[in-house]
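Asker: Hey, can you work out the whole structure from these sequences and the hints?
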Amino acid sequence: MTELPGSESGPAHKTLEIGMALLIGAFGLVVIFGSLKAGINWGAEGPRAGFFPFYIGTAIVAASAINLWSAQRNTDRRLFAAWGQLRQVMSVVVPTAIYVGSMPFIGLYVSSMLFIAWFMRWLGGYRWLTTIAVAVGMPVLTYLVFERWFLVPLPKGPLEEWLGL
Amino acid sequence: MEELANLFHGFAVALQPYNIMLMIIGITLGVIIGVLPGLGGANGVAILLPLTFSMPPTSAIIMLSCIYWGALFGGAITSILFNIPGEPWSVATTFDGYPMAQQGKPGEALTAAFTSSFVGALFAVIMITLVAPLVAGFALRFGPAEKFAVYFLAFCSFVGLSKEPPFKTIAAMMMGFALAAVGLDSITGQLRLTFGVTELLNGFDFLIAVIGLFGIGEILLTMEEGLAFRGGNATINLRVVLQTWCELPSYWMTSLRSCLIGCWMGVTPAGATPASFMSYGIAKRLARRGNNFGKGEIEGVIAPETAAHAAGTSALLPMLSLGVPGSPTAAVLLGGLLIWGLQPGPMLFVEQKEFVWGLIASMYLGNLAGLIVVLTCVPIFAAILRVPFGIIAPLILVLCAIGAYSVHNSTFDVMLMLVFGVLGYLLKKCNYPLAPLVLAIVLGDKAEEAFRQSLLGSQGSLGVFFSNGLVSTIMVLGLVALFWSAIQEGYSRLRTAAA
Numbered sequence: 000m001t002e003l004p005g006s007e008s009g010p011a012h013k014t015l016e017i018g019m020a021l022l023i024g025a026f027g028l029v030v031i032f033g034s035l036k037a038g039i040n041w042g043a044e045g046p047r048a049g050f051f052p053f054y055i056g057t058a059i060v061a062a063s064a065i066n067l068w069s070a071q072r073n074t075d076r077r078l079f080a081a082w083g084q085l086r087q088v089m090s091v092v093v094p095t096a097i098y099v100g101s102m103p104f105i106g107l108y109v110s111s112m113l114f115i116a117w118f119m120r121w122l123g124g125y126r127w128l129t130t131i132a133v134a135v136g137m138p139v140l141t142y143l144v145f146e147r148w149f150l151v152p153l154p155k156g157p158l159e160e161w162l163g164l
Numbered sequence: 000m001e002e003l004a005n006l007f008h009g010f011a012v013a014l015q016p017y018n019i020m021l022m023i024i025g026i027t028l029g030v031i032i033g034v035l036p037g038l039g040g041a042n043g044v045a046i047l048l049p050l051t052f053s054m055p056p057t058s059a060i061i062m063l064s065c066i067y068w069g070a071l072f073g074g075a076i077t078s079i080l081f082n083i084p085g086e087p088w089s090v091a092t093t094f095d096g097y098p099m100a101q102q103g104k105p106g107e108a109l110t111a112a113f114t115s116s117f118v119g120a121l122f123a124v125i126m127i128t129l130v131a132p133l134v135a136g137f138a139l140r141f142g143p144a145e146k147f148a149v150y151f152l153a154f155c156s157f158v159g160l161s162k163e164p165p166f167k168t169i170a171a172m173m174m175g176f177a178l179a180a181v182g183l184d185s186i187t188g189q190l191r192l193t194f195g196v197t198e199l200l201n202g203f204d205f206l207i208a209v210i211g212l213f214g215i216g217e218i219l220l221t222m223e224e225g226l227a228f229r230g231g232n233a234t235i236n237l238r239v240v241l242q243t244w245c246e247l248p249s250y251w252m253t254s255l256r257s258c259l260i261g262c263w264m265g266v267t268p269a270g271a272t273p274a275s276f277m278s279y280g281i282a283k284r285l286a287r288r289g290n291n292f293g294k295g296e297i298e299g300v301i302a303p304e305t306a307a308h309a310a311g312t313s314a315l316l317p318m319l320s321l322g323v324p325g326s327p328t329a330a331v332l333l334g335g336l337l338i339w340g341l342q343p344g345p346m347l348f349v350e351q352k353e354f355v356w357g358l359i360a361s362m363y364l365g366n367l368a369g370l371i372v373v374l375t376c377v378p379i380f381a382a383i384l385r386v387p388f389g390i391i392a393p394l395i396l397v398l399c400a401i402g403a404y405s406v407h408n409s410t411f412d413v414m415l416m417l418v419f420g421v422l423g424y425l426l427k428k429c430n431y432p433l434a435p436l437v438l439a440i441v442l443g444d445k446a447e448e449a450f451r452q453s454l455l456g457s458q459g460s461l462g463v464f465f466s467n468g469l470v471s472t473i474m475v476l477g478l479v480a481l482f483w484s485a486i487q488e489g490y491s492r493l494r495t496a497a498a
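Chains as they are written, first to last, in numbering that gives the first Met the number 0: chain A, 0 to 164; chain B, 0 to 498.
Calculated directly from the structure, the hints in this document are not laboratory data. One or more of the hints may lead you astray.
[Unchecked claim] Residues on chain B that point at chain A, a partial pick, calculated with CB under 10 Å:
| id | residue |
| --- | --- |
| 1 | M172 |
| 2 | I218 |
| 3 | V239 |
| 4 | L417 |
All values derive from a computational prediction rather than experimental measurement. Where is the CB? At the ideal position from N, CA and C, for every residue including glycine.
Answerer: Shown next, in the form of structure tokens:
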């Protein structure tokens, strides 16, 4: 919610607000469509599966329409966020997406190690020694607490298989 | 006197060494969760919920509810020492707590905050102890229509009491209901809204949504501000504690008022955050030194902290007795109950006496343990806060991923968590409230079931929701709550027109 300064630019709050209302409205339409497919009238067993969601979807579309209308009337010129701030946010979202995406293939432990190391080294600017200590220590501690103590299995990859864990 | 016997039995359960250990672990984890940015009460409990699957339900809820108390306590530490509210309900505590710390009185502010929290919680537990048996008496009068009316009241109060625009609250809430509807329809057994995606067969789990919306979303919001984080020092010693304790009784009026506000806001599911603001606002208007509020007045710490804890604690009453959680964290606890095979609702008080009274007894003991832990360990917790965000952030993200995975042992859920995280960030920036969204995901199925069952009984006539005194009263209260802001506006217009 930054005031519009001369030097920094970024997407306007109003644009995002409108976009959000449209997105939610579209979601509502999907819900209505899905409910129609499931059947919204009364069947032999009473109201059919789409009965309740249909009205939910209608309410979403109606509320979004009102939100869209009030977003459009809005005249303030606040920024949603400066581009620099959004870059900061993306610098977390993108590696987290890679982290999450690689988890089914290399397991949670290895991907967590790489993720923590990447984050601390490139975003935090820590020394390699600190970075490696935390990046290795955390998954090892996780292994002991979750797998050994509370017996909660976590996804493993080739490395764990090779180590025979 | 059966209740008294039940309560003593509950104490016996809570005082088993294993349960006391879980209590201390829970409180400590809770304070850490409350102190760390990006790990709130709801999110923390959601992450740790899978760890309790192997425990007996009573032990599990003792630990999880202690995490909740701990998080309530922890929020005050960061607000007072660093002017960073670790939790939304401690925002009001920063107004006077941080100035006090800057004037060299952090010990007084912290002691006042912790003690008030304890008083608020104690008041709420006593209230629960007295009211719980009455709830059990209600048990048999609750049919599907009454159940739906209670859900209706809960969600309407969100629309009326929320400070966000009402239509944004409605949009967020309805999204939650829609997400809850995805998957197998519990009555007809038919698939709906899955669009052929097999992963959606079981629908969206609210735990994933909580971890994403509150955990990842919060980290993204913090990242926007950059990695910089300020540090501070905290000392607290016995002399300061005793001195502050001598001073506190003179503010009994503020405490009592804040307790009442808190209990009211906790039972009607408005939650701790509005309770703390409301209590602060009223104290400011009524206190003798009200003009000094915001400059480091101890009363300005007492009021919001007492109310937040009273609300946070009393939120468990509707959760247990009606299955309607009064806060997102209570919603997560409710999810836990369902996972452990306990059906919240009036019957719980009849069928699971040991569980209910064990929990109530643990509330007394847990808050006492919490007070002792926080008073003695403030410097340690403050040191945790000085660990740079560059280290904390990836660790929290990994913890969130582990939490999301272990709910159903599914990596698809972890991806879903990230999607919810980005969504949470955007929704929060656009002032959509997240709490009703999460509550709707939790309660969606049950609300729908109650609604459809009532309609089945009445052959589709909506008159069933006004068919007897009990259900009509709840429905009317709901409608009043729904249109509360409109009613208020109309009233003030009338008054200006008359004047």
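Asker: Is the interface hint satisfied for M172(B)? The criterion is a beta-carbon contact with chain A at less than 10 Å.
Answerer: OK, holds: M172(B) within 10 Å of chain A, min 9 Å.
Asker: Mind checking the CB of I218(B) against every CB in chain A and telling me if the closest is under 10 Å?
Answerer: 7 Å, holds
Asker: Interface hint check: L417(B), Cβ to nearest Cβ on chain A, cutoff 10 Å. Holds or violated?
Answerer: Nearest chain A Cβ about 5 Å off; hint holds.
Asker: For the hint on V239(B), just tell me whether its beta-carbon gets within less than 10 Å of chain A.
Answerer: At about 35 Å, which exceeds the 10 Å cut-off, the nearest Cβ of chain A leaves the hint on V239(B) violated.
Comparing the model with each earlier hint shows a violation of hint 3 alone; every other hint is respected.
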